[in-house]
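Novice: Read off the chains here:
Number of protein chains: 2
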Amino acid sequence: MTAPNMANAGNKQALAGLTVQQVIDLILKEVPNPRTQNTVDKIRSGSGDQLVTGIVTTMFPTLEVIEKTQKAGANFIIAHETPFYNNPDETEWLKDDDAYKYKVDLLNKYKIAIWRCHDNWHGHRPDGIAMGNLIKFGWEKYYNPETPRLITLPESMTIKSIAELAKKKLGISTVRVVGDLKQSCKTIYLAFGYMDPKMQIPVIQQMKPDLILSGETREWETVERVRDGLAMGQKTSLLVLSHSVSEEAGMEYMVHWLQPKVGNLKITNIPSGNPFTFV
Amino acid sequence: MTAPNMANAGNKQALAGLTVQQVIDLILKEVPNPRTQNTVDKIRSGSGDQLVTGIVTTMFPTLEVIEKTQKAGANFIIAHETPFYNNPDETEWLKDDDAYKYKVDLLNKYKIAIWRCHDNWHGHRPDGIAMGNLIKFGWEKYYNPETPRLITLPESMTIKSIAELAKKKLGISTVRVVGDLKQSCKTIYLAFGYMDPKMQIPVIQQMKPDLILSGETREWETVERVRDGLAMGQKTSLLVLSHSVSEEAGMEYMVHWLQPKVGNLKITNIPSGNPFTFV
Chain A
1 MTAPNMANAG NKQALAGLTV QQVIDLILKE VPNPRTQNTV DKIRSGSGDQ LVTGIVTTMF
61 PTLEVIEKTQ KAGANFIIAH ETPFYNNPDE TEWLKDDDAY KYKVDLLNKY KIAIWRCHDN
121 WHGHRPDGIA MGNLIKFGWE KYYNPETPRL ITLPESMTIK SIAELAKKKL GISTVRVVGD
181 LKQSCKTIYL AFGYMDPKMQ IPVIQQMKPD LILSGETREW ETVERVRDGL AMGQKTSLLV
241 LSHSVSEEAG MEYMVHWLQP KVGNLKITNI PSGNPFTFV
Chain B
280 MTAPNMANAG NKQALAGLTV QQVIDLILKE VPNPRTQNTV DKIRSGSGDQ LVTGIVTTMF
340 PTLEVIEKTQ KAGANFIIAH ETPFYNNPDE TEWLKDDDAY KYKVDLLNKY KIAIWRCHDN
400 WHGHRPDGIA MGNLIKFGWE KYYNPETPRL ITLPESMTIK SIAELAKKKL GISTVRVVGD
460 LKQSCKTIYL AFGYMDPKMQ IPVIQQMKPD LILSGETREW ETVERVRDGL AMGQKTSLLV
520 LSHSVSEEAG MEYMVHWLQP KVGNLKITNI PSGNPFTFV
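Listed in order, the protein sequences are those of chains A and B.
So the first sequence is numbered by the numbering used here: it starts at 1 and just counts up by one.
So the second sequence is numbered by the numbering used here: it starts at 280 and just counts up by one.
Heads up, a few of these hints could be off.
[As the list claims (entries may be wrong)] Keeping only pairs whose Cα atoms sit at most 20 Å apart, straight-line, the calculated EDC-like set for lysine to aspartate or glutamate is:
| hint | chain 1 | residue 1 | chain 2 | residue 2 |
| --- | --- | --- | --- | --- |
| 1 | A | Lys29 | A | Asp127 |
| 2 | A | Lys198 | B | Asp368 |
| 3 | A | Lys101 | A | Glu90 |
| 4 | B | Lys514 | A | Glu64 |
| 5 | A | Lys95 | B | Asp475 |
| 6 | A | Lys235 | A | Asp180 |
| 7 | B | Lys477 | A | Asp180 |
| 8 | A | Lys42 | A | Asp127 |
If you are wondering where the hints come from, they were derived from the structure by calculation, not from laboratory data.
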């Protein structure tokens with residue numbers, strides 16, 4: 001997928017009606033060193049030259065999100081995560097899978113395009129997902145471009161109060177903690193979504209954050225390293241929000257960020273929401 | 280690691296005092312096609328020729344489990360999962376990590392051997408982990424060697440009641456469900472621990488179980504496939520127990536299974552327990 005030069009397009013085309021590819025190019029223009037090769041940020045359904053009737057941003061383009069998109073009169077979903085249950089969006093292994101086939105048929109029937117905006121939204125400066133969350137928490141002023149994943153609170157908060165803040169601001173029913181709820185935290189390492197534990201575990205050693213604020217993690221990797229660290233007297237604890245709800249604020253933030261760039265084209269965030277019921 | 284022929288050893292050596300390697304060999308002797316190559320089931324601390332003073336089985340050999348092992352007068356931990364926060368137990372990437380160094384020093388100080396029994400305990404027939412759980416649930420009579428991962432209950436149960444049973448029998452405070460708690464289930468696919476979603480997702484298509492009873496899973500893979508399936512009217516739901524508590528019953532079961540083979544050597548299960556607090 002190439003990103004043609006949009007220097008002379010911009011507002012005129014927005015008024016005349018933008019194509020999927022033109023919207024993508026408007027986004028990529030704002031990203032330093034945008035990734036168009038070696039990225040999951042590809043068109044996963046529909047085509048680049050279809051005219052956009054409305055845009056929906058979401059975390060996971062679930063069947064429910066697709067139905068809601070069609071009802072909203074939109075035909076372009078900008079999704080942070082995979083429609084096809086695997087990050088590189090490989091489909092050969094799913095060719096006999098009924099849910100995969102149903103989803104592809106539904107997208108074709110509704111003529112809905114999906115473009116992943118994962119690597120490039122994280123590649124925006126500041127990281128669009130992180131900033132969406134920081135704004136929700138009221139912490140955007142603590143963002144430090146020198147240490148974009150590490151923030152320092154001016155006043156300590158307990159893990160319990162950070163958990164309650166996350167639940168309230170992100171609309172989560174239940175979160176999981178590895179650590180003592182009464183522990184004070186000033187330095188927080190942001191690991192929304194999923195972060196490779198082979199990158200995350202060294203952070204504990206190098207940065208010694210009081211808390212890793214995580215989306216999804218692996219129990220036999222980061223979770224057990226944090227548990228052993230606490231047992232030997234280290235301070236780094238872990239708050240696990242769950243994947244979808246840990247990044248949706250970033251896709252909601254994209255609505256406000258993108259709207260001024262696409263004229264009167266309607267953009268809506270349709271949250272894919274937390275898939276879990278806690279029992 | 281080779282498995283010397285134990286045919287003529289057995290009881291005499293058990294009475295005389297068994298070495299770590301002799302205990303390992305006693306276990307491998309009971310496993311059809313035991314894996315000694317291309318397996319994570321290796322000695323991870325201590326040595327094969329040390330005399331065993333007592334055996335502890337556990338899921339994760341955490342610092343807490345190591346301390347309790349030493350206090351119990353045992354010097355051999357049979358652990359299902361990694362001591363070093365990664366399944367192949369690679370250690371080069373951890374050489375500067377304080378928790379790793381602390382753990383290695385502690386194991387050396389206490390002269391505790393760790394042997395992973397992961398692939399071979401799953402390779403036992405029936406799978407030792409699955410059977411430990413089935414016994415806890417009172418479901419061992421539903422085990423079918425033709426479909427070792429799929430059981431069929433004689434009477435349907437709701438997801439809610441299965442979740443409550445799991446919580447009670449495995450001592451879990453909170454579990455997570457993707458699906459309708461009131462849905463009836465007769466066929467249950469056993470996926471304790473972690474199962475590769477590229478193997479798990481095709482099961483939904485091929486076996487159409489009412490429920491996947493899972494330890495740990497990936498949210499962007501199995502969880503989203505289950506969610507889409509339910510949205511299109513499929514019945515396969517997902518119950519996520521958490522990794523450690525989903526397999527500990529299998530390591531507890533090993534105590535009863537192994538005890539008659541090692542004479543009066545004391546074997547104890549020290550559960551590593553659930554690392555999470557739910558808020």
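Novice: Decide if the proposed pair is consistent with the structure: Lys198 of chain A and Asp368 of chain B, CA atoms, cutoff 20 Å inclusive.
Specialist: holds, 12 Å
Novice: Straight-line Cα separation of Lys42 of chain A and Asp127 of chain A no greater than 20 Å?
Specialist: holds, 19 Å
Novice: Measure nothing beyond the straight line between the CA atoms of Lys29 of chain A and Asp127 of chain A; if it is 20 Å or shorter, mark the hint as holding.
Specialist: holds, 15 Å
Novice: What's the verdict on Lys477 of chain B and Asp180 of chain A, does the C-alpha distance respect the 20 Å limit or exceed it?
Specialist: violated, 36 Å
Novice: Take a quick look at whether Lys95 of chain A and Asp475 of chain B sit within 20 Å of each other, Cα to Cα.
Specialist: holds, 18 Å
Novice: Mind checking the alpha carbons of Lys235 of chain A and Asp180 of chain A for me, to see if they're no more than 20 Å apart?
Specialist: Roughly 10 Å between the alpha carbons, so the hint for Lys235 of chain A and Asp180 of chain A holds.
Novice: Tell me if the straight-line CA distance from Lys514 of chain B to Glu64 of chain A falls inside 20 Å.
Specialist: holds, 16 Å
Novice: Do the alpha carbons of Lys101 of chain A and Glu90 of chain A lie within 20 Å of each other, as the hint requires?
Specialist: Given pair Lys101 of chain A, Glu90 of chain A holds - Cα atoms ~13 Å apart, limit 20 Å.
Going down the numbered hints, you'll see the structure goes against just number 7.
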